[in-house]
Each structure stands twice: as structure tokens, then as C-alpha cells.
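> Residue numbers (my numbering), protein chains in the order written: chain H, 1 to 237; chain Y, 238 to 558.
It cannot be assumed that every hint is accurate.
30 Å max Cα-Cα, derived DSSO-like pairs, lysine-lysine [said to hold, decoys possible]:
no., chain 1, residue 1, chain 2, residue 2
1, Y, 451, H, 192
2, H, 125, Y, 280
3, H, 192, Y, 516
4, Y, 497, H, 107
5, H, 228, Y, 516
6, H, 190, Y, 507
A few chain H positions that, by computed beta-carbon distances, are all more than 10 Å from chain Y [said to hold, decoys possible]:
no., residue
7, 61
8, 86
9, 115
10, 147
11, 185
Pairwise CB distance ranges (calculated) [unchecked claim]:
no., chain 1, residue 1, chain 2, residue 2, range
12, H, 9, Y, 451, 23 to 33 Å
13, Y, 406, H, 199, 51 to 61 Å
14, Y, 260, H, 234, 20 to 30 Å
Worth flagging that the hints you see were computed from the coordinates, not collected in a lab. Ideal Cβ positions, reconstructed from N, Cα and C, are used throughout, including at glycine.
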Amino acid sequence: MVNFIIDGKKVEAKEGATVLQVARNNGIVIPTLCCHESVAPSGACRLCVVEVKKGKRTRIVTSCLYPVDEGLVVETKTERVMNVRRLVMQLLMARCPESDVLKAMAKEMGIEPQPAFHPETDKGKCVLCRLCVKACEDVVGVSAIGLSGRGKDKKVGPPFVEDSKACIGCGACAYICPTEHIVMEATDGKRKIWGRSFKMQACEKCGRYFAPVDQLKYISQKTGTSLKELAVCVSCK
Amino acid sequence: MKSIVENFDLFAPKLVDKEEYYCSGHRACQGCGEALAIRLMAKALGKDTVVTNATGCMEVTATPYPTTAWKLPWVHVAFPNSAAVGAGVEAALKSLRRKGKIADRDVKVVSIGGDGGSFDIGFQAISGAMERGHNMIYIVYDNEAYMNTGIQRSGATPYGASTTTRPAGKQSVGNTTWKKNMAEIMVAHKVPYVATACHSYPFDFMDKVKKAKKVNGPAFIHCLAVCPTGWRCPSDACIKMGRLAVETGVFPLYEVENGKYKMTIEMPKKLRPIEDYLKPQGRFRHLTPDQIQIFKGMAMLEYNKVLERIKHSKSWSDMTS
Chain H
1 MVNFIIDGKK
11 VEAKEGATVL
21 QVARNNGIVI
31 PTLCCHESVA
41 PSGACRLCVV
51 EVKKGKRTRI
61 VTSCLYPVDE
71 GLVVETKTER
81 VMNVRRLVMQ
91 LLMARCPESD
101 VLKAMAKEMG
111 IEPQPAFHPE
121 TDKGKCVLCR
131 LCVKACEDVV
141 GVSAIGLSGR
151 GKDKKVGPPF
161 VEDSKACIGC
171 GACAYICPTE
181 HIVMEATDGK
191 RKIWGRSFKM
201 QACEKCGRYF
211 APVDQLKYIS
221 QKTGTSLKEL
231 AVCVSCK
Chain Y
238 MKSIVENFDL
248 FAPKLVDKEE
258 YYCSGHRACQ
268 GCGEALAIRL
278 MAKALGKDTV
288 VTNATGCMEV
298 TATPYPTTAW
308 KLPWVHVAFP
318 NSAAVGAGVE
328 AALKSLRRKG
338 KIADRDVKVV
348 SIGGDGGSFD
358 IGFQAISGAM
368 ERGHNMIYIV
378 YDNEAYMNTG
388 IQRSGATPYG
398 ASTTTRPAGK
408 QSVGNTTWKK
418 NMAEIMVAHK
428 VPYVATACHS
438 YPFDFMDKVK
448 KAKKVNGPAF
458 IHCLAVCPTG
468 WRCPSDACIK
478 MGRLAVETGV
488 FPLYEVENGK
498 YKMTIEMPKK
508 LRPIEDYLKP
518 QGRFRHLTPD
528 QIQIFKGMAM
538 LEYNKVLERI
548 KHSKSWSDMT
558 S
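From just these sequences and the hints, can you work out the full model?
Structural data, given as C-alpha cells:
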């Protein structure tokens with residue numbers, strides 16, 4: 001156990017915990033976009049910045065990555081922290097002017113988009129937080145999508161923006177996306193995601209389409225269950 | 238079968254909050270749908286929540302003194318006033334925040350109650366809280382009778398159900414009336430977000446709770462909770478019964494955002510025969526084919542009413558001029 005101070009409050013935390021986890025457990029609100037407990041933190045969105053004082057040095061760090069330490073003094077609401085957060089928010093809003101999630105967050109923080117930051121038009125709602133890429137790799141285990149390009153051309157998607165053979169159409173990326181950038185469309189018998197159309201499996205008993213065939217094949221392969229057993233929907237099992 | 242579930246470490250279910258706010262060890266019956274629904278609700282709401290709970294199954298089973306299954310601030314109140322206390326907590330939080338006595342963060346007040354504490358006894362408190370526009374959610378867990386006290390009939394009991402106060406017999410079919418349509422009553426209160434849900438559709442239910450949390454004002458969710466004890470069905474049929482209720486059209490899942498109706502679950506083109514839903518339940522065992530037709534008529538009336546509204550309803554903001 002380590003003892004340290006956060007917003008003037010003495011707290012105790014397990015070794016190895018991050019500042020963000022401890023702050024949230026103590027009821028301190030820190031906004032985040034790219035933080036999800038199912039995937040490892042990456043510090044991509046930069047909204048969770050806090051001020052950390054260790055010894056004589058005070059610096060701004062991302063709380064989702066910074067491990068707690070004995071004698072640390074953390075401030076989450078100082079003017080310096082808020083300035084950084086406001087700037088990050090302005091940049092995110094300029095990147096994704098259409099995102100309702102960002103608009104709501106900005107409103108909560110009392111920020112108006114400033115004319116100095118020219119809004120982008122071709123980035124959609126993606127903030128490049130990498131949650132989808134990591135969920136696909138760590139949680140699903142297929143690594144169908146990744147980041148390509150550098151700098152301002154960096155974008156997320158299947159390799160070479162072609163139909164990915166590895167993708168199983170499970171939709172975990174669309175579910176985890178914090179800004180609703182990834183769109184999954186479902187019509188009768190078809191599911192469309194990342195530009196590729198997936199054939200859906202109809203339940204053998206009731207005929208309802210319930211999961212992509214590729215996903216069932218993958219589950220079958222991974223769990224050693226026969227496809228026939230998986231071809232029945234949850235309602236008919 | 239078990240081995241599949243163990244290896245089923247896949248995708249969206251893995252991405253749900255892993256923290257448990259409604260813990261194991263509570264004393265609900267085996268296969269209780271209501272406990273499951275509450276667990277999902279708490280996961281969707283997260284840590285910054287205050288729950289007020291009317292008397293009912295969930296209060297009795299979750300908190301036998303001196304234990305509790307809740308990890309959230311939780312108030313048990315009398316049978317009729319869950320919504321009234323919720324409204325009071327909301328007003329108090331607002332006031333304390335304004336005076337700077339508590340940290341300025343968004344804490345949602347959620348009032349919950351069973352169908353008895355909501356459809357019958359607590360009705361006036363809900364009506365008042367919703368009409369005054371408190372920033373809170375009311376969630377009713379409807380298991381279609383007073384199950385906790387021994388299966389007495391409530392305003393949510395459907396036609397033909399045999400209950401201890403309306404038993405089926407030679408002269409009686411059981412309950413003779415249909416469920417009160419709470420969702421519609423709440424829409425009439427001009428509640429900005431009203432939804433019906435069921436624990437058998439966990440993602441749909443959690444999405445609705447998350448949506449209700451975002452509403453700055455009152456929100457109401459009517460959640461069907463299967464009660465194997467009172468419905469006289471096997472406890473392993475809990476999830477199945479919920480899905481059958483939806484697929485037969487007895488309990489359609491829809492949401493009403495500012496007056497605009499929308500179906501949230503894709504309904505089968507041809508509804509399942511209503512017998513699929515009635516046959517496994519002991520409370521409907523006595524129904525004759527004629528009585529099943531009456532049941533079907535009542536259920537289809539409600540279902541078609543919803544379909545009509547989905548076709549014709551408009552958002553309130555488009556109807557002011």
C-alpha cells in the first residue's frame with residue numbers, strides 16, 4: 001500500500017494502481033475518452049491530465065498511465081491542468097466538429113469552439129484513441145484493424161483500406177468506440193462494417209438472423225464447438 | 238454446454254463494466270430475473286448513483302439486516318414513496334451542490350420499485366415526481382404480481398394469470414383485466430424518455446439505462462422481470478421466458494424519446510404463437526383455447542397500439558407550431 005495526497009485529501013492505494021483509478025474511487029471526476037477497463041490504458045486522448053508533484057518537480061502527466069507512488073501530491077483541478085484540458089478539448093473539437101459526445105463534454109467543461117482552430121471535414125468522429133484497435137487485438141483476438149498513415153493522415157481501418165479477411169464482423173469495435181465513429185449497419189441477412197458486407201446466420205429453428213457466419217466460424221474454431229450447435233439463436237437454445 | 242460459456246470470452250460482453258455494484262450473496266430465488274436486471278442496471282449507471290428502493294422483493298432479498306448486496310448509496314423507503322424520496326434526494330443534492338457543500342459532480346438519482354410499489358401503491362408519487370420534472374430515473378421491475386408477499390394480484394398482472402387473491406378455478410379464469418400501460422401513462426406526463434425493457438435483452442436494457450442517465454430531466458423505464466416462483470415456471474427458463482414475452486408480442490420493447498415511438502428490438506415478421514409463452518407457465522396452465530384467444534386479443538390490442546404509434550407519432554419539438 002502507498003500513501004499519497006490527491007486534491008488535498010490523504011488517500012491509500014494499492015501499489016501499481018494508476019492515479020486515474022484512485023481518483024475515481026475517491027469520487028474525483030476526471031474526463032476521459034480512451035480509458036476502458038477491458039483494454040490496457042494508452043494515454044491517447046490526453047483529457048485525463050493532472051498535475052503531479054514528486055520531490056521538487058511539478059509536472060503535467062496523463063493520470064491513466066501514471067502509477068501511484070509514496071509521497072506523491074496530485075492536483076486534478078488547478079488552473080494549469082484546466083488550461084491543458086481546455087486546449088486538448090479545443091483540438092479534439094476541431095478534429096471532429098460533428099461529434100455529439102465531444103460537444104456534450106465541451107458543454108460540461110464550459111468550452112466554446114474557437115475560430116482559431118479550423119474544423120476538419122474529413123476525419124469523421126474519430127479521435128484516434130486506438131480503443132477499437134486494441135479491443136480487436138486483445139479482446140477479440142483477430143487484429144483486423146489498425147492505424148495507417150502518419151501525422152495528419154493517420155487513420156484507423158483495415159489494412160490498405162481493403163476488405164479485411166481477418167475481420168469477423170463481431171462489432172466489438174463499434175461497441176467500444178467512445179465517439180460513435182464506427183458505424184455498423186444491419187439489414188436483413190447482411191451486416192455492414194468497415195465497408196465489408198457480412199452474411200448473417202439465420203437461426204435453424206426460428207429463422208431469425210442473429211450473428212455473422214464468420215463470427216460463428218471463429219467461435220467454433222476457438223472453443224471447439226461444432227458449427228451446428230452454434231447455428232441456433234439464444235432464444236431457441 | 239457449460240464449456241462453451243467458459244470459452245465464450247468474446248467481444249461485446251467482455252467490454253461491459255466489470256465492477257459489481259449489486260453483489261452476489263443476496264437472497265433472491267434461483268433464476269430471479271429482477272436481481273439480474275438490477276445488476277445490469279447498476280453496471281450501466283456506474284458509481285455516481287443514489288438508489289432509492291420501495292419495499293418489495295429487491296429490498297427484502299438484498300438487505301437482510303445487517304448485510305447488504307448494494308455497493309451504491311441506497312435508501313430503503315416505504316412502499317408508496319420511492320419516487321417521492323428520489324425527488325427529495327435529487328433536490329437535496331442540487332441544493333448542497335449550489336451551496337458548495339459537496340463536490341460539483343453529476344450524481345444521478347434512481348428510484349426503483351416493483352410493480353406493486355409502482356403500478357398500485359406508489360403511483361401518485363411517481364406521477365408527482367415525473368410531472369415536476371426532477372432530474373431522476375424511475376425504473377419499475379415488473380414481475381406481474383406482489384411476489385414477495387405471496388403472489389397477490391397487482392395492477393400489472395395480465396389476463397388469465399392465477400394469483401393467490403385471484404385464483405383460477407371452476408368459476409374463475411384468474412385475473413380478468415389486462416396490465417396497466419405504465420409507459421403510455423408516463424408519455425402522457427410529458428416525460429422526455431420512456432422505455433420498456435427486459436433483462437433477457439441485456440445490451441438493449443443497459444443502453445436504455447445509459448440513455449436515461451443522459452437525459453436532463455425525468456426518465457422512466459418499465460422493465461419486465463421474470464419471476465419463476467410466481468410465474469410457476471422452471472428457474473432455468475427465466476431468460477427464455479423474457480425472450481418469449483417479447484417475441485410473441487406480449488411485451489414489445491420500445492422507447493419514446495420526446496413523444497416519438499421507436500421499436501428497439503427487431504421483432505420477428507411473424508410473431509411466435511402465443512401458446513409458446515403461456516404453456517411453460519403454471520399460472521396460465523388452466524386457460525382453455527377460448528381463453529387463450531381472449532388473452533391474445535388483449536395482448537395484440539396493446540401491441541398494435543404500439544405499432545400504430547411508431548408509424549404516426551412525431552417528436553414533440555416538431556408539433557409546437
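> Taking the hints in turn, state whether each one holds.
Here is what the structure says about each hint:
For the suggested pair residue 451 of chain Y and residue 192 of chain H, the alpha carbons sit about 28 Å apart, so the restraint of at most 30 Å is met. Simply put, residue 125 of chain H and residue 280 of chain Y have alpha-carbon atoms about 26 Å apart, close enough for the 30 Å limit, and the pair holds. Between residue 192 of chain H and residue 516 of chain Y, the direct Cα distance comes to roughly 38 Å. Violation of the 30 Å bound is thereby established for this hinted pair. Among the hinted pairs, residue 497 of chain Y with residue 107 of chain H is consistent with the structure: their alpha-carbon atoms are about 26 Å apart, no more than 30 Å.
A C-alpha spacing of about 28 Å is found between residue 228 of chain H and residue 516 of chain Y, which places the hinted pair at or below 30 Å, so the restraint holds. Distance check on the hinted pair: residue 190 of chain H and residue 507 of chain Y sit about 19 Å apart at the alpha-carbon level, within 30 Å; holds. Consistency note on residue 61 of chain H: stated as away from chain Y, and its beta-carbon is indeed over 10 Å from all of that chain's, at 22 Å minimum. With a least CB separation of 17 Å from chain Y, residue 86 of chain H remains clear of the 10 Å interface cut-off, as annotated.
The claim that residue 115 of chain H is not at the interface with chain Y holds, since no C-beta of that chain comes within 10 Å of its own (minimum 28 Å). Once the 10 Å rule is applied to beta carbons, residue 147 of chain H is consistent with being away from chain Y; the minimum gap is 20 Å. Every beta carbon of chain Y lies more than 10 Å from that of residue 185 of chain H, the smallest distance being close to 13 Å; the non-interface claim holds. Distance hint check for residue 9 of chain H and residue 451 of chain Y: the Cβ-Cβ separation is about 29 Å, which falls inside the suggested range of 23 to 33 Å.
Restraint check, residue 406 of chain Y to residue 199 of chain H: a C-beta distance of roughly 53 Å satisfies the suggested window 51 to 61 Å. At about 26 Å, the CB distance of residue 260 of chain Y to residue 234 of chain H agrees with the hint of 20 to 30 Å.
Against the hints set out earlier in the document, a violation occurs for number 3 only.
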